[in-house]
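The chain contents come next:
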Amino acid sequence: MAKLVAILATTHHPFYYKTSRLPAEEAPPFAGEWVGKVAAYRETLTRARPDVLVMVGSDHFHQLWLDNMPQFLVGKAPFYDANWENEMREFGMPKLLLKGDEELSAYMLREGLDRGFDLAFSNELRIDHSVTCPIITVRPEADLPIVPIYTNIFAPPLPQPERFVKLGQTIREIIDAWPSQLRVAVIGTGHLSLELGGPRQFGPTGPDPEFDAQAVEWIGTGDIDGVLKNVTLESLHAPGNATHGFMDFMLMMGVAGYHPADYVDNLSLFHTMEAYFTWYPNPELIDPVLPTIGAGA
Amino acid sequence: MSKYLVNKFLYTVDREHELTERYRDDPAGTVAWWERERACMILNCAVAESTTWLRFTDEERGALATHDHVKLFELGAHPFLTLTLWIAMFERDFDEPLGMQLDYARKLAHVTQPYPDITT
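Protein sequence lines correspond, in order, to chains V and C. Counted from 1, the first sequence has number 14 at position 14 by my numbering; the numbering is strictly sequential. Counting the second sequence from 1 gives a position; my numbering is that position plus 297.
Source of the hints: derived by calculation from the structure; they are not laboratory data. We put the CB at the ideal spot given by N, CA and C, even for glycine. Honestly, I wouldn't trust all of these hints.
[Said to hold, decoys possible] Dumping the calculated SDA-like pairs for lysine to any residue here, alpha-carbon to alpha-carbon at most 20 angstroms:
| hint | chain 1 | residue 1 | chain 2 | residue 2 |
| --- | --- | --- | --- | --- |
| 1 | V | Lys229 | V | Gly257 |
| 2 | C | Lys300 | V | His62 |
| 3 | C | Lys300 | V | Asp67 |
| 4 | V | Lys18 | C | Glu388 |
| 5 | V | Lys95 | C | Glu313 |
| 6 | V | Lys229 | V | Pro260 |
| 7 | V | Lys166 | V | Gly222 |
[Stated by the list, open to error] One side only, chain V facing chain C, incomplete, derived with CB under 8 angstroms:
| hint | residue |
| --- | --- |
| 8 | Pro157 |
| 9 | Gly198 |
| 10 | His237 |
| 11 | Ala238 |
[Stated by the list, open to error] From the structure, some residues in chain C lie toward chain V, with a derived Cβ separation under 7 angstroms:
| hint | residue |
| --- | --- |
| 12 | Leu380 |
| 13 | Leu395 |
| 14 | Val408 |
| 15 | Tyr412 |
Extracted from the complex, chain V is given alone in its bound form (with noise of 0.2 angstroms):
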């Protein structure tokens, strides 16, 4: 059976990108810390070795629209182009070609229907910021083949915060259940609280520290239950309108588990709070850590 090495749950944000290629003298003062962050959040990913990405966002109004809107989508294509003319405007996006992995879509795909998630498909997907942000962070060579999983957070109607962690237990069962020899890691982004074209944007901090504060609580903790208890699709309008997005995180504690994170940080930036989780479902497969040459020299 394919390996499960690592699952990683973090925020997107589209301006790393381009603010961690600035020149020293012209970066904003929290950049140092952000790629830092991000440096070693890569390597949680690094030291797992994986073969294939089963890679979870969603699309903001690129492909996916309004006349024909699917709830949970998986991409079933050789290759997926990536990034779109108004994120390379906006946030300096590059754009990127990765590999797919068919005959893991297809028995995503087969095995989803067959487990309850009428699972729509697209076998000509280009992704968006959702997916390529964690591609830049963690995995800047592209090289690894991907499967693309795309949820609806953003054109209610919406599929409940259940339905959300119920995927993601599914998609786990998923990968655990598929016959092949590869090391899989699976990579979802989400937001935790955020404001998008409201009062409360591009604020000093994200629309809601109290809320991003209990959200990483429950993540890193692995607190299913209460996370289901505490957010529904009503609740999650009051931290900022954009935070459905958080329901994304909640479909990766379900790939996750009632387990706490190996990793856990998290930075707060202007408008929105970056988090980082990794979780190693087994341990004995991944690299060991070491030690920085020259360290307490």
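Dock chain C against the given chain V, drawing on the hints supplied.
Here is chain C on its own, set in the frame of chain V:
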């Protein structure tokens, strides 16, 4: 209410550079042209298969024709679509980083929760 059509306008104008510039320079003319020529085009269908019934309300048409993002918010246009297009059109007019986005937020400062429903 035709929130769907307002969203469709914002979405299609954002993703076509020439149209974005045209809407910046001539909002009323672009809205009239778009409603006449583009409103009923289903995005992944041939032009001959266009629909026949989509129209803006006067209030929606007026908000779009005057670049009134506050009114669009109040009408339940999807805030992400409005913001993205406004960044494309007006960020260049501000010197400070995020100046446009903060000005945009200030003009919505009177809004209280719950925000208008964006369900289409």
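Going down the list of hints, with the structure as the test:
A distance of roughly 16 angstroms separates the Cα atoms of Lys229 (chain V) and Gly257 (chain V); the hinted pair therefore holds under the 20 angstroms criterion. For the hint pairing Lys300 (chain C) with His62 (chain V), the CA-to-CA distance comes to about 18 angstroms; that is within 20 angstroms, so the pair holds. For the given pair, Lys300 (chain C) sits about 13 angstroms from Asp67 (chain V) by alpha-carbon distance, which is consistent with the 20 angstroms threshold. For the hint pairing Lys18 (chain V) with Glu388 (chain C), the CA-to-CA distance comes to about 17 angstroms; that is within 20 angstroms, so the pair holds.
With a C-alpha separation of about 18 angstroms, the suggested pairing of Lys95 (chain V) with Glu313 (chain C) holds against the 20 angstroms cut-off. Of the pairs offered as hints, the one joining Lys229 (chain V) and Pro260 (chain V) holds, with about 18 angstroms between alpha carbons and a cut-off of 20 angstroms not exceeded. At roughly 14 angstroms between alpha-carbon atoms, Lys166 (chain V) and Gly222 (chain V) fall within 20 angstroms of each other, so this suggested pair holds. A cut of 8 angstroms between beta carbons decides the hint on Pro157 (chain V): the least distance to chain C is about 6 angstroms, and the hint holds.
The interface hint given for Gly198 (chain V) holds, since its Cβ lies 6 angstroms from the closest Cβ of chain C, which is under the 8 angstroms cut-off. A distance limit of 8 angstroms between C-beta atoms decides the matter here; for His237 (chain V) the minimum to chain C is near 6 angstroms, and the interface restraint holds. Given hint, Ala238 (chain V) at the interface with chain C, holds; its Cβ is 7 angstroms from that chain's nearest Cβ, closer than 8 angstroms. Taken as an interface hint, Leu380 (chain C) checks out: its beta carbon lies about 4 angstroms from the nearest beta carbon of chain V, inside 7 angstroms.
Given hint, Leu395 (chain C) at the interface with chain V, holds; its Cβ is 5 angstroms from that chain's nearest Cβ, closer than 7 angstroms. The interface hint given for Val408 (chain C) holds, since its Cβ lies 5 angstroms from the closest Cβ of chain V, which is under the 7 angstroms cut-off. At a threshold of 7 angstroms, the smallest CB-CB gap from Tyr412 (chain C) to chain V is about 6 angstroms, leaving the interface hint in force.
No hint from the list above goes unmet by this structure.
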